[in-house]
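As you go down the protein sequences, you meet chains D and L in turn.
Position 41 of the first sequence, counting from 1, maps to 41 under this note's numbering, and the rest follow consecutively.
Whatever position you read off the second sequence (first residue = 1), add 1000 for this note's numbering.
Treat the hints loosely; a few may be bogus.
As the list claims (entries may be wrong) - Think about it this way: if two alpha-carbon atoms lie no more than 20 Å apart in a straight line, the pair counts; the simulated SDA-like pairs of lysine to any residue are:
| id | chain 1 | residue 1 | chain 2 | residue 2 |
| --- | --- | --- | --- | --- |
| 1 | L | Lys1276 | D | Asp241 |
| 2 | D | Lys281 | L | Ala1107 |
| 3 | L | Lys1261 | L | Glu1031 |
| 4 | D | Lys281 | L | Leu1006 |
| 5 | D | Lys212 | D | Ala86 |
| 6 | L | Lys1261 | D | Ile211 |
| 7 | D | Lys212 | D | Thr179 |
| 8 | L | Lys1261 | D | Glu128 |
| 9 | L | Lys1276 | D | Val95 |
| 10 | D | Lys281 | L | Lys1114 |
| 11 | L | Lys1114 | D | Phe283 |
| 12 | D | Lys281 | D | Phe244 |
| 13 | L | Lys1261 | D | Ile16 |
| 14 | L | Lys1276 | D | Ile101 |
| 15 | D | Lys281 | L | Pro1116 |
| 16 | L | Lys1261 | D | Glu238 |
| 17 | D | Lys281 | L | Phe1212 |
| 18 | L | Lys1114 | D | Met278 |
| 19 | L | Lys1114 | D | Val95 |
| 20 | L | Lys1114 | D | Leu286 |
| 21 | L | Lys1164 | L | Glu1031 |
| 22 | D | Lys281 | L | Ala1111 |
| 23 | L | Lys1276 | D | Pro102 |
| 24 | D | Lys281 | L | Glu1031 |
| 25 | L | Lys1261 | D | Asp130 |
| 26 | L | Lys1114 | D | Phe280 |
| 27 | L | Lys1276 | D | Arg107 |
| 28 | D | Lys154 | D | Leu286 |
| 29 | D | Lys281 | L | Lys1164 |
| 30 | D | Lys154 | D | Ile164 |
| 31 | D | Lys281 | L | Gly1113 |
| 32 | L | Lys1261 | D | Met129 |
| 33 | L | Lys1261 | D | Gly135 |
| 34 | L | Lys1261 | D | Lys212 |
| 35 | L | Lys1276 | D | Leu106 |
| 36 | L | Lys1114 | D | His243 |
| 37 | L | Lys1114 | D | Glu238 |
Said to hold, decoys possible - Okay, the calculated beta carbon distance ranges per label pair:
| id | chain 1 | residue 1 | chain 2 | residue 2 | range |
| --- | --- | --- | --- | --- | --- |
| 38 | L | Ala1086 | D | Phe283 | 27 to 35 Å |
| 39 | D | Ala279 | L | Trp1141 | 39 to 47 Å |
| 40 | L | Ile1054 | D | Lys281 | 22 to 30 Å |
Since the hints were made in silico from the structure, they are not lab data.
On a predicted model such as this, the values are computed, not experimentally measured, just so you know.
For glycine and all other residues, C-beta sits at the position ideal for the given N, C-alpha and C.
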Amino acid sequence: MRKRDLIFVILLGVIIFAIPSFVKNNYYMSILVFFGINTSMAIGLCLLLGYSGQISLAHAGFFGIGAYSSGILTVKFGLPPLLGVAVGIILTIMVALTIGIPTLRLRGHYLAMATLCAGEVLFICFKEMDSLTGGPSGLPGIPPFGIGSFVLTKPVQYYYLAWILALMILCFSLNLVNTRVGRALLSFRYKPLGSEEGALSVGVNVVQYRIKIFVLSTVYCALAGNVYAHFMSFVSPENFDMHFSTLLIIMIVVGGMGNIWGAVWGAGVMTYLPELLMAFKDFDILIYGVLLIGILVLMPEGMYGAFVQSLRRFAVKRQGVFDLKKGFRK
Amino acid sequence: MVLQFLFTGLTNGILYAMVAFGFNIIFSATEIFNFAQGEFVMLGGMLAITFNQILQLPMIVSLLVAVLVVAAIGGLIERLAISPVATASFVTLIIITFGVAIFLRGAAMFAWGKNPYALPAFSGEKPLSIFGAVITTQVLWIFGIALVLFGVLTFFFTKTIYGKAMLACNYNRDAARLVGIPARWMVTFSFILSGGLGALGGVIIAPISMMFYGQGLMIGIKGFVAAGVGGIGSPAGALVGGLILGVAEAFGAGFISSGYKDAMSMIILILVLCFKPTGLFRIGSE
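Could you put together the complete structure from these sequences and hints?
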């Protein structure tokens, strides 16, 4: 991890652990829990979109696999929640490998096609497998998360759970992109920054990296799903449809593709925005559409990217231009 | 019974094939998956219904105007949302078409509300009976119009200079520009063409299936799947892919379970992607 990132992570950690002493309202607390859950997923999708240049339309489905495996194992079979987490991860990896291996071996964007279908199939399975998932009306009565006799019941405890997960994922991902793996990812990222041929020629196993990143990002979603199911104590298929996959993509676009901190920022904006848009009821999609097109056309690097750039411009104005030979000059 | 399923399947299949064809046209010119294709179908249907039912225009006029308006919308979308970022990565372009789809869906909800509407059949509601299967006369219209359309499009792409120019842009954009093909305009033109094509699909299907603002999503996905099954970019593949999907769905709904009807086509595409990823009709590999 770079030093600057480490400072920001510590700063974020401090803010997160300070917040509960100011926010006592349960409504705001639950929004912050969702913020944490969404952050975990957005970081995964950011790795996939920004670093390996692939797009997935099934991430809501993987979120659902995590949530339903927690729900089904605890409600229908009375097993401990940790087992639900394990099963969720294993199932997700299996599904991700099934669609990832054949499609990511090819040039072009077959993953987009396969995940579009996989997302729909998962949604239909959640809806139709009545005996397991409770069908369209959902699966109620999921017990709270706990290990042994230590059980999480209050929203604030879930807040810590969601954010500890998010922070762990954040640290892991920030480390990942600043190591050999991250540099390899950048080397074959879409042009003009990198090229697949170039990466292959220096021995980067492009296909393997693509598959690994895809699987990793789905595992993040499954983990987020586990937390979600225990926090809500109720899951229904509508939470895991195409609309939510799109919302996840909007998070990345708002934050800026290819920047993990952007994903955190995007998750924050897109967790709070739907709450603000409640008044518009279903017309919120009109606003999402305009937001997506507007941001991609006007500031393709996203809100976070635009913010960083303006900071940089400000610094240049104050300190002068950086010259390779002479250093900074006015 | 089997024949009845077959007719239902083929009718839906034709619609999927038309959407798949629209996908292919845009993909051929730009390598973009246009996720707003289903919305073109929905807009075509809704506009035709509005012109015919509310403005009381004659049927043929409403149909033509609806198709032209959606074609214009297609061109406008390309000019406003795609062309400013033409050099962006594939992922960016795909997400923009997503945004366009969501926007059009929202706009349609705004304009027409959430209720479904229907268009009267082109030539009366009296059903026909063929070998014990009952079909409406509209089905014949759908088959007829679609066949003519596929003929015209095949002629366009293989015999006319404009069609060939569009294909040339697909093979090698820079080389196409070198020989004087205005590649930028070909992209706009591909959006206009596929907007019109999608709208025509919506117009002819509107009498047998109700139209509402959200219908484009599923139709778009199915058309996309049909294009994938047949092989993205292959016209014959689009037709065969669409028909396979339609029939598989109809039989799946009839014999297995209607709840899993939509999953049928998705599983077919996943299988195709696993075993012959370039689609059934696209020769060679990428």
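We went through each hint and held it up to the structure:
1. L/Lys1276 to D/Asp241: 28 Å, violated
2. D/Lys281 to L/Ala1107: Roughly 14 Å between the alpha carbons, so the hint for D/Lys281 and L/Ala1107 holds.
3. L/Lys1261 to L/Glu1031: Violated: L/Lys1261 and L/Glu1031 sit about 30 Å apart, past 20 Å.
4. D/Lys281 to L/Leu1006: With Cα atoms ~40 Å apart, D/Lys281 and L/Leu1006 exceed 20 Å; violated.
5. D/Lys212 to D/Ala86: 18 Å, holds
6. L/Lys1261 to D/Ile211: 30 Å, violated
7. D/Lys212 to D/Thr179: Between D/Lys212 and D/Thr179 the Cα gap is close to 15 Å, so the pair holds against 20 Å.
8. L/Lys1261 to D/Glu128: At roughly 11 Å apart (the allowed maximum being 20 Å), D/Glu128 and L/Lys1261 satisfy the hint.
9. L/Lys1276 to D/Val95: 19 Å, holds
10. D/Lys281 to L/Lys1114: 12 Å, holds
11. L/Lys1114 to D/Phe283: This hinted pair holds, its Cα atoms lying about 11 Å apart.
12. D/Lys281 to D/Phe244: OK: D/Lys281 and D/Phe244 at ~16 Å, within 20 Å.
13. L/Lys1261 to D/Ile16: 46 Å, violated
14. L/Lys1276 to D/Ile101: 13 Å, holds
15. D/Lys281 to L/Pro1116: 19 Å, holds
16. L/Lys1261 to D/Glu238: At roughly 18 Å apart (the allowed maximum being 20 Å), D/Glu238 and L/Lys1261 satisfy the hint.
17. D/Lys281 to L/Phe1212: Since the Cα atoms of D/Lys281 and L/Phe1212 sit roughly 18 Å apart, the hinted pair holds (cutoff 20 Å).
18. L/Lys1114 to D/Met278: 18 Å, holds
19. L/Lys1114 to D/Val95: Judged against 20 Å, a Cα distance of about 35 Å means the pair is violated.
20. L/Lys1114 to D/Leu286: Holds, because 14 Å separates the two Cα atoms, which is no more than 20 Å.
21. L/Lys1164 to L/Glu1031: 17 Å, holds
22. D/Lys281 to L/Ala1111: At roughly 15 Å apart (the allowed maximum being 20 Å), L/Ala1111 and D/Lys281 satisfy the hint.
23. L/Lys1276 to D/Pro102: This hinted pair holds, its Cα atoms lying about 9 Å apart.
24. D/Lys281 to L/Glu1031: This hinted pair is violated, its Cα atoms lying about 35 Å apart.
25. L/Lys1261 to D/Asp130: This hinted pair holds, its Cα atoms lying about 16 Å apart.
26. L/Lys1114 to D/Phe280: Roughly 14 Å between the alpha carbons, so the hint for L/Lys1114 and D/Phe280 holds.
27. L/Lys1276 to D/Arg107: Between L/Lys1276 and D/Arg107 the Cα gap is close to 14 Å, so the pair holds against 20 Å.
28. D/Lys154 to D/Leu286: Outside the cut-off at roughly 36 Å; violated.
29. D/Lys281 to L/Lys1164: At roughly 47 Å apart (the allowed maximum being 20 Å), L/Lys1164 and D/Lys281 break the hint.
30. D/Lys154 to D/Ile164: Answer holds: D/Lys154 to D/Ile164 is near 16 Å, not above 20 Å.
31. D/Lys281 to L/Gly1113: 12 Å, holds
32. L/Lys1261 to D/Met129: Holds: L/Lys1261 and D/Met129 sit about 14 Å apart, inside 20 Å.
33. L/Lys1261 to D/Gly135: Given that 20 Å is the threshold and the Cα spacing comes to 16 Å, the pair holds.
34. L/Lys1261 to D/Lys212: Violated - the C-alpha atoms of D/Lys212 and L/Lys1261 are around 32 Å apart, more than 20 Å.
35. L/Lys1276 to D/Leu106: At roughly 11 Å apart (the allowed maximum being 20 Å), D/Leu106 and L/Lys1276 satisfy the hint.
36. L/Lys1114 to D/His243: Roughly 17 Å separates the two Cα atoms, so the pair holds.
37. L/Lys1114 to D/Glu238: 18 Å, holds
38. L/Ala1086 to D/Phe283: 27 to 35 Å: With Cβ atoms ~30 Å apart, the hint holds.
39. D/Ala279 to L/Trp1141: 39 to 47 Å: Between D/Ala279 and L/Trp1141, where Cβ atoms are some 44 Å apart, the hint holds.
40. L/Ile1054 to D/Lys281: 22 to 30 Å: Holds - the Cβ-Cβ distance for L/Ile1054 and D/Lys281, about 24 Å, lies within 22 to 30 Å.
Going through the hint list in order, the structure does not satisfy hints 1, 3, 4, 6, 13, 19, 24, 28, 29, 34.
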